[in-house]
Amino acid sequence: MELRHLRYFVAVAETGSLTVAAERRLHTSQPSLSRQIKDLEDQIGADLLIRSARGITLTEAGKVFFDHARLVLSQVDIAIEATRKAAQPSKQRFSLGFLTGQEMTWLPEAMHILRAELPNIDVTVSSDYSPDLAEALVRGKLDLAFLRAEPDYDLAYHPVAHESLIVLMPSDHRLASRETIHPKDLIGEPFIGIGKKATVLRAVIDDYLAHSGVKVTPEQVVDNPAMVMSLVASTRGVTLIPEYVKNLMPWSVVSRPLAGEAPTIDLAVGYNKSNNSPILKMFLSHLDDLIARVSKLQR
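Using numbering that gives the first Met the number 0, the first residue of the sequence shown is number 0, and each one after it goes up by one.
It is worth saying that the hints were derived from the structure and are not from the lab. In this text, a Cβ means the ideal position worked out from N, Cα and C, and glycines have one as well. If a hint is listed, it holds; no wrong ones were tucked in.
What follows is a set of in silico ranges between Cβ atoms, one per label pair, in the way DEER data are often shown:
id	residue 1	residue 2	range
1	280	67	47 to 55 Å
2	23	56	18 to 26 Å
3	77	28	25 to 33 Å
4	280	217	38 to 46 Å
5	18	125	48 to 56 Å
6	18	249	56 to 64 Å
7	33	66	21 to 29 Å
8	120	234	38 to 46 Å
9	277	223	34 to 42 Å
10	76	52	29 to 37 Å
Turn these sequences into a full structure, and let the hints steer you where they fit.
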């Protein structure tokens, strides 16, 4: 018995027709296929198929053999694929994560470094909330992420940028005509707050408003930058947000810098201290170059 006998039999059983199996699946002639099936039945010592005007059906013995034949063919396919992979060096993999919106600034330059050093590397990219990125680093789902230095996770962090907070408002808001916005100008305005999930950003905003003597009561509290912009436009509210969000702003929203010394928030690359990936080590060795390249582009 040869593997071709099993493949021929399975094709006939799955199509329910010698003609269809021969012409469309096996690309052989029907008489030749019939002989192969007869040879198989002779070797087994049992009839496997019932031939009738309505097509082909399986005998009870054929049903039993069909299940085993499919299993054998499946195992052969798995063995072939495993052997092919073993014969070739495995591709190096690296997983990058980005605080949503930051990939527009950092991904092209990060890929430049990775491709220059390892042209055949397989890179996966994802974007998420900063705490979720930190969780993925802890669990080993990401090798490195551009995120906030989340205090609740035991990770290594290297700051790569200090972002100023800006004021976001509808494009036709009364404050949009000003070049800068004083924190006291926010008093009385519908304020869109940052949710608890963005703990680092929320702490920076709360601390800045408290030191400025400004008390606001958020009418809405959200985490997602896209939702923040949507609420600013739809509720005619204002908010404080890191400067990178300007990359995502629709026409209905504008930004203005804060007057005086604006608060800043750090963007860092984070990674699991126990991650011994040589690619991670290489990437970190080029971190100064990465920062310099991005800074040059932003001038």
